[in-house]
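Peer 1: All chains should be built: construct the whole structure from the sequences, respecting the hints.
Residue numbers (this note's numbering), protein chains in the order written: chain A, 1 to 311; chain B, 1 to 369.
Because the hints were derived from the structure by calculation, they are not lab data.
Keep in mind that a hint or two might mislead.
[As the list claims (entries may be wrong)] Straight-line distance between alpha carbons at most 20 Å, and here's what the computed EDC-like set of lysine to aspartate or glutamate pairs gives:
{"no.": "1", "chain 1": "B", "residue 1": "Lys11", "chain 2": "A", "residue 2": "Glu102"}
{"no.": "2", "chain 1": "B", "residue 1": "Lys7", "chain 2": "A", "residue 2": "Glu102"}
{"no.": "3", "chain 1": "A", "residue 1": "Lys229", "chain 2": "A", "residue 2": "Glu186"}
{"no.": "4", "chain 1": "B", "residue 1": "Lys366", "chain 2": "A", "residue 2": "Asp73"}
{"no.": "5", "chain 1": "A", "residue 1": "Lys122", "chain 2": "A", "residue 2": "Asp202"}
{"no.": "6", "chain 1": "B", "residue 1": "Lys7", "chain 2": "A", "residue 2": "Glu101"}
{"no.": "7", "chain 1": "B", "residue 1": "Lys11", "chain 2": "A", "residue 2": "Glu79"}
{"no.": "8", "chain 1": "A", "residue 1": "Lys115", "chain 2": "A", "residue 2": "Asp133"}
{"no.": "9", "chain 1": "B", "residue 1": "Lys112", "chain 2": "B", "residue 2": "Glu71"}
{"no.": "10", "chain 1": "B", "residue 1": "Lys2", "chain 2": "A", "residue 2": "Glu186"}
{"no.": "11", "chain 1": "B", "residue 1": "Lys58", "chain 2": "B", "residue 2": "Glu71"}
Since this is a predicted model, take the numbers as computed values, not measurements.
Residues per chain, in single letters:
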Amino acid sequence: MSDRNSDSLAVAVQELRRTFGDFIAVDNISLSVRKGEIFGFLGPNGAGKSTTIRMLCGLLMPTGGIGTVGGFDINKESELIKRVIGYMSQKFSLYDNLTVEENINFFGGVYNVAKKKKAERKEWVLNMAGLSDERSALTRNLATGFKQRLALGCAILHEPHIIFLDEPTSGVDPISRRNFWCLINEMSQAGTTVFVTTHYMDEADYCDRLALIYRGKIIAEGTPTELRKKYMTRDVLEVNVDKVVEAFNILSFHNIDAAIFGSALHVVVDDAEKSRERISIILKESGVMVKGMDKIPPSLEDVFVTLIEVS
Amino acid sequence: MKTPRIKAIAKKEFIQIWRDPLSLAMAFLMPVILLFIYGYAITFDIDKIPTVVYDMDKSSVSREFINQFHESGYFLINFSVESYKEIDPFLDSGRARVAVVIPEDFSKNIWKGYNAQIEVLIDGGDSNTATIAQGYTLAIAEGFSQRMRGAKVTPLIDSKSRVWYNNELKSRNFIIPGLIAIVMAVIIALLISLTIAREWDRGTMEQLISTPLKTPELILGKLIPYFLIGFADTILAILMSTLLFHVPLRGSVTLLLGLSAIFLFGGLSFGMLMSIAGKTQLAASQAALLTSFLPAFLLSGFIFSISNMPKPLQIVTYFIPARYFVTILKGIFLKGSTLNVLWLEALLLTLFAVLVFIAANRKFRKRIE
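Peer 2: Below you can see the structure in the form of structure tokens.
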């Protein structure tokens, strides 16, 4: 089944709201996601990410607001939405007492994948998840990274146009996370819209566009570059020194914002040019050798921490 | 409705049951155990009641009278005492349930044609046994006095009862057909009540409701494996009843299986409804136990006769499908009843099954509440 509308938006909602008793989980948010892009929905735990994604997938009735997903009304046509999306919930949601292959077969049946395509899609998922040799293994015995990839595979067996992934990388090791993002990237290249939530700020750079949700409200939105420009007004200097910990302590003592990044320091200042000399002098006086100092673009993590501190 | 989806659900559910030893044991061991317990251990037949005798008369007549007790087969006269005082310990300890006391003038009175009295003490602790023992005693005394009188007086009314359908009055024949209903109720209560609630608990339901799967597909798909298991249990129970316990099966096997299938479908739909309403596994299984197993056990007429219940409870029994199924089972097994007789029960069972299946479908929400 194809999307109904021909316009360029995969998801468009206005004033979306959900309350649980007195608690406002999602507070009048508006979003639009273009077809084929990777849309990152970022925020700390409990910010309202899962509640939003559940409303978009037709799993949870909104308290207020209007909008469409895949061209279908989120208030009235949730069962039609379910035909064009793939959803991977935050909690691992495959049957752990079924084997890898049985799980794939099951979802193939539930999504009513055409008979001819079934075998081909199964092999595709097994390959993608790296589980071709483990097809008869019980799912409960798989490592978390493999479980996540299998869950993703099962959620997209029917080749949906829009994929919603709720914290797909939480609890997964860094290498598996990187691989997982490669997969997401491939799907986006193939024209699939990917709506993904995460609380790992360092994953934001994988996304085409981002929205940051905090306490039920969207506090920032844009491409990673836009967000950096718009919200990071202070400069970041990367300082290479011979004694990192000592240098960190000295700068902190002088009330200068610094953070250790490997063998270097990231120092946040109002103006890079003016501060350059001062940092140099302070460190030299204390016997720390400065090997180099460069102005660098701020990471998104810096941006979000700043934003959350403000709001 | 799409068959591949129903098939996928049914297959998955079946694999899950198959891999869970507890479910498997409940599905196939429980019925056998229940049938054994009820078939062998519980019997309401009363014979060889231990009896103590205090014969003060010690005449040939009194010995002849005591012998009547012995010959009836219902009493086992294994103790004889010489005083009232000695009787008590026998009854108190349960070594004897009945004490027969024959007074000194017993034979004298009989020879003179007077009314001869005897005294019978019965342990009323088990009222069922007591009532039956009392009846037997009266019958023996009656028969004995007629013999002593000769055939001089013909009673005005001579009632000779003949028991139909279960002419040996074996309680086993009466219990076991009804037990099939109970066995099914156990499967329903303990197995299917978890099926939906477990998926909510484990988070797998969230994935399922995000798919285009339709509610009737989900419910039907989940019902099928339990239905097959329940049906296998029914056949097992019927085989055990006839081959092991020699309960006569006088009616049509096809009718029996057909009506069992309807009862099973209704019961499973009800268990499903409980599972949907219960949300957590604990709540669902307790609700199912309270609403299907216990009523089937207590209020179906399986053991406890409905006509002996207080009026309000009798009214309640009309709402318990097991009641109709027990009637059907006893009818087909013992009387060879056909649909001509059982049509109302069959109709009510079908009605119940359809209504509850619809209710389960309506109750299920493809949403997180």
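Peer 1: Check each numbered hint from earlier against the structure, then list the numbers of those it violates in ascending order.
Peer 2: 3, 5, 7, 8, 9, 10
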